[in-house]
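Whenever a hint applies, use it, and build me the whole structure from the sequences.
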Amino acid sequence: MSADSLLMVPTQRRARPPLLDRGEPLRFVGRVSTDPVAALADRMLEDCVSAVDVDEVAAILEANGINDRVADREYGLPSVFALAGRVVARTIDTAHTVVQSTPPEDGPTPRAVVTDTLTRAAIYLTPLAIGLGAATEVDGAPQLATTGTLLLGWGGGQALSYLGYRALSERGVTAAARLLGAGFLSVAALWSLALAGNGLRAYTIAAVQLALFAVAAVALVTGRERVVLAAAAPCWIATAFVALGSGRWAVTALLCGVAALLAVAFRPVLGADVSGRMPWRRWRSWRGDIGYALLYGLVGTGQAALLRAVALDGIAPHRVPVEAVPLLVGVPLIELTLVWHQRRIAYARAVLADRGAFDRRLARISKGTVAVLCVPVALGAAIAGAVWLGVAGPGGQSLAAAILLTGVYALCLVLAAHGRAGTAALVVWWPTLLVAGVGHWAPALVHVAPTFTETLAVATLLGAGLPGLAVAALVLRDPESYR
Amino acid sequence: MRVVLVNEGTYPYVTGGVSTWCDQLVRGLSDVDWDLMAIVGTEPDRPAVELPGNVRSLTAVPVWGAARPTRGKPERAAARLCRGMLGDTAADLVVFTEGLRELAELARPRPGRFSKTRTGRHPLAGASLADILLDAWARARADGIHLPRLTLRDADVAGVLLEHALRPLAAEIPQDADLVHANANGLSSMVALAAKWRTGVPFLMTEHGVYLRERYLAPGDQSPGVKTALLRFHRALARLAYWESDLITPVSGFNSRWAVRHGADPAKLAVIGNGVDPARFPPLVGEPADPVISWVGRIDPLKDLETLIRALAVVRETAPQARLHLAGPVPAGNEAYAAACRDTAANLGLTDAVTWAGPCSSSRDAFEVGQIAALSSISEGMPYTVLEAMMCGRPTVSTDVGGVAEAVGDAGLVVPPRDPRAFGEACVALLTSPDLRAVTSHRGQQRALQQYTLDRCLTAYRGRYLQLTDTRVVASAPVPDQILVPA
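Residue numbers (the working numbering), protein chains in the order written: chain A, 649 to 1131; chain B, 1097 to 1583.
Hints are computed from structural coordinates only; laboratory data are not their basis. Given the structure is predicted, the values throughout are model-derived calculations rather than measurements. In this text, a Cβ means the ideal position worked out from N, Cα and C, and glycines have one as well. What you were told as hints is all true, and nothing was included just to trick you.
Not the full set, but computed from the structure, chain B residues with beta-carbon under 8 Å of chain A:
id, residue
1, Arg1245
2, Leu1246
3, Thr1247
4, Leu1248
5, Arg1249
6, Arg1309
7, Thr1324
8, Leu1327
9, Arg1357
10, Ile1474
11, Ser1475
12, Asp1496
13, Val1497
14, Pro1512
15, Pro1513
16, Asp1515
Beta-carbon label-pair distances, calculated as ranges:
id, chain 1, residue 1, chain 2, residue 2, range
17, B, Trp1339, A, Tyr813, 43 to 49 Å
18, A, Arg1008, B, Gly1240, 25 to 31 Å
19, B, Glu1146, A, Asp937, 32 to 38 Å
This is the structure:
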C-alpha cells in the first residue's frame, strides 16, 4: 500500500531479478574478493554509480529483499543503511574514472527533419498554391466569397489549430480532429449565412477555400502530413491544368480532388475516442486558451490581409499572380532555418550547464538565423532600390513587395513561435491597414503614379520588416524565449 | 473534534489501498467532523466513493491546475529552499526550512482585490526557478557537495516540477480545525506544515509506505540532474516533516526505521497497524478443489506481478494444475505494465493458467477462489491484502518487504522479494499439504483477530487525536515570562 506521488510516475526499479539473487553460485575466475559486501558492491556497481545518496542504495537493497535481518545475518552489519553505506564506500574505492561524454543529439536525423519540414510547408502552402493556380476561375466572384473567405479561413485555421494542438495534447488525436471538424463546420455554417444571395458559385468558391484550410489544419495537428500531402497531389495536378486553361473538366477534377482530400484528412474523426476517461477540467484555463486562439487568429487574418493587399491586389484577373511565387519558395526555406535554429538551441540547453556558455552559443546561433531572416528584407530593398534608381523596370516593385512579404511572414513565424503573437499581429496588421486605408480613403493618390500601389506596399513592408527584424533579433537572442 | 485529513493521489478520488484505510477511519470515527483535502493532478470531477455525513468539506488541491502567481517576490525564498535542499547537514535543513516558510507565507490565502473569497497563491509560479536552481547548484558544488551535472534543460525540467510540487502550500485548511492528519510524508505533510506555521494547529503524520523510500524507487526516466534535484527536495521535505510533526504513526515498525534515520524523535513515534473488520471478512468455509493462488491489488510495478507469474511456473513444475487468479484494476498509466505482465505469462506458456479477473467488490470473493493468497510486492507498508486473507482464514505467501513480516509473524510464509523460485516453493509447500494450509490459516485468523481488528485501530487513532488536541489546549494557555538568571 503506498501513496502515489503526483510528480513522478512509479516504474519498476531495477527489474533485473538475477542481480541480487543470493542463491546464485559464484564461479571462480581467478583472484576475486570473498568479502560478501564487496561481492554485493560489484553486483550493484551500476546502481551505486547512478545513486543520489546512500539512502537510494538502501531503498534498492530493501526492494531486493535485503532488510536489517538479512544485513545482520549475511553481511554482519547492523542495518540495511549501514550495509548501503559500506556498498557505496566500496564502489567509490574501486570505481573507474567516468569520462563525461557529450550526449548525442537526440531526436530525428537531419534528413528526416528536412523532409518533415518541407512536407509541413507543402501542406500549409497547399491552400495558397491552389488558390493562386485557380485564380482565373474566381474572376468576377463576389469579394465576400474570395477575399472574405481567405481572411476567415486563414485566421480561423490558425485559431482552431491552436485549440487543436491543445486538444491533441490533452485528449488525443480523435478529439483534436473532431474539435477542428466541428470548428470549421461552425465557421462554414455561419459564413453560409453571410453569403446568402450570392449564388452557387460563391458558395462553391468559399466552400473549397474553407475545406483547404481545414485540411491543412487537421493534417498539421494530427501529424498526418505525408498521407494528406499524397492525397493532395491530384489537387495540385488539377490546379496546374486549371492554370494552363484546360477548362471545366479540370475544375471538376479539382473539386472532386478537394472532396477526397477532405475525407482523407478528417479520417481520424472516426477513430476511437479515449478522451472520455480523461478529466474534463484541465490544467490550463479555457479562457486563457480561447484568448490565445483569438490572438493567433488575428495574426492569421493579418497575414491573409497582407497577402491580399500586397500580392494579389491589382493583378490582372486573367493571369496567375506570379508575384506570390517567392512566398511559395521562401516560406519553406525560412521554416527550415527556424527548425535548424530550434534544434541547435535545444541541443545547447541539453549539454551546457553554464549560462554564460549558453549565452555565447545562443548569440552565435542567433546571428546566423538573423542573417537568414535579413535575406528577404535586404533582397526586397535592393530590388526596390534598383527600381527607384531606374536600374530595373517598374515591374520589379511587385517582385520586391512579394519578397518583402516573405520576409514579414518569416518574422511573424519567429515572433509567434517565441510567444510574441501580439507583436506578430502588429507587424502584419499595420502595413495592411495602411495599404488598404490609402486605397480606400485616398483613391486619388493611387493615380498619382502608375506604380503607386506597389511603391506604397514596398515602403510599408520595409517599414514593418525593419523594426520587425530588430524585434525578432532581440527575441532570438533572449534566453528566456527558450524555456 | 474537527480533523483535516490530507491525502495525495488517493482518497476519495481513488479506491483501494490507502483509500480503504481512509474510508475506514472517516466512517469509523463518526464522532469526528472531517475536512478532506485531496492533492490531485488536475481537478477531478467527483469522488470515487460516497462520503459519509460527518465529512464537512472536500477540497481538491490540484498540482497541475492553472497557475495563480504570488504577488510577492519569491526569489530569495526560492534561493534558500534550493540551496538548503541540496545539502546534508542540519544547517542546510534550517536554510531549507526558512525558504519553505517564506514561500508558505507568500502562498498564504488572502481575500482578493475585488472579492472576499480567500485564494492561495502558487509561490513560485512565474519565477525563474531554473536560474535559481543553477545558482544554488553551483554554490553547493563549490561547497564540496557531490552533485551530478545540471544542464540548462535539466534545470528547466526540475524547475517546472518543483514549482508544481510547491503548489499545495496555497491550500488553506478550515479556520476551526483542531488537527491536521497528513496521510503521508511529502506533499500531504507540506500542507500540514503550512497550516502549523500559519495557525499553530498540530500535525499528525501517518506513513503507509515510506514516502521518501518510494520516491527513491520511482525515479522514472529522469536525467541524473533532474533526479537528484527532485530527490534532494523530497529528502529535505521529508526530514522537515519528520522534525516538525507532533506525532508520527507509521503502520509498521519497519517504516519507523526510515523516520528515525531522517530525524524523527523516537518519542514521537507510535506504530498503529492497520485494522480489518471481522464482520466484513468472516472465515471462508471450505476451499476450492483446484490449486489456485489468489492475488488481490492494483496492477502496479510495485506489486511485482512478474515475479508472481514466474513463481507460478515454478509451482507448475510440481503441481501442473496450479492456476493464478489476479483480481484488481489497472490504474491509468499502468497499462504498459499490465501488458508486460501478460507478455511474461505468454512467454512462459502460462496464458491459460492466469486469470485476469479485473476489479472485485470484495477481496474476500477473490480469496474464495483460491486455496492460498499471495503478495509479491517489492514495497509495502502494512498491506490489507494479507490482513484480510488472514482474517478470512486463507494461508498466505508474502514477500519480506515493509511491515509484511511483522503482520504475518509465524502465521504465514514469508520469502525474499523478487525471488520466483523461493516464492514458488513456498506456494508448493502450502498447495501440496492440506494440513499445513489448515494450521497456517488458523494461526493467521487468530493473529488477525488478536492484533489487526478495525476496532483496535480506530480506538488507537481516537486516543492519539484526543492526546494531540488536549496538548494544543495546554500549549495555547498563557505561559509565564521566562526569567533569565545570570550564571
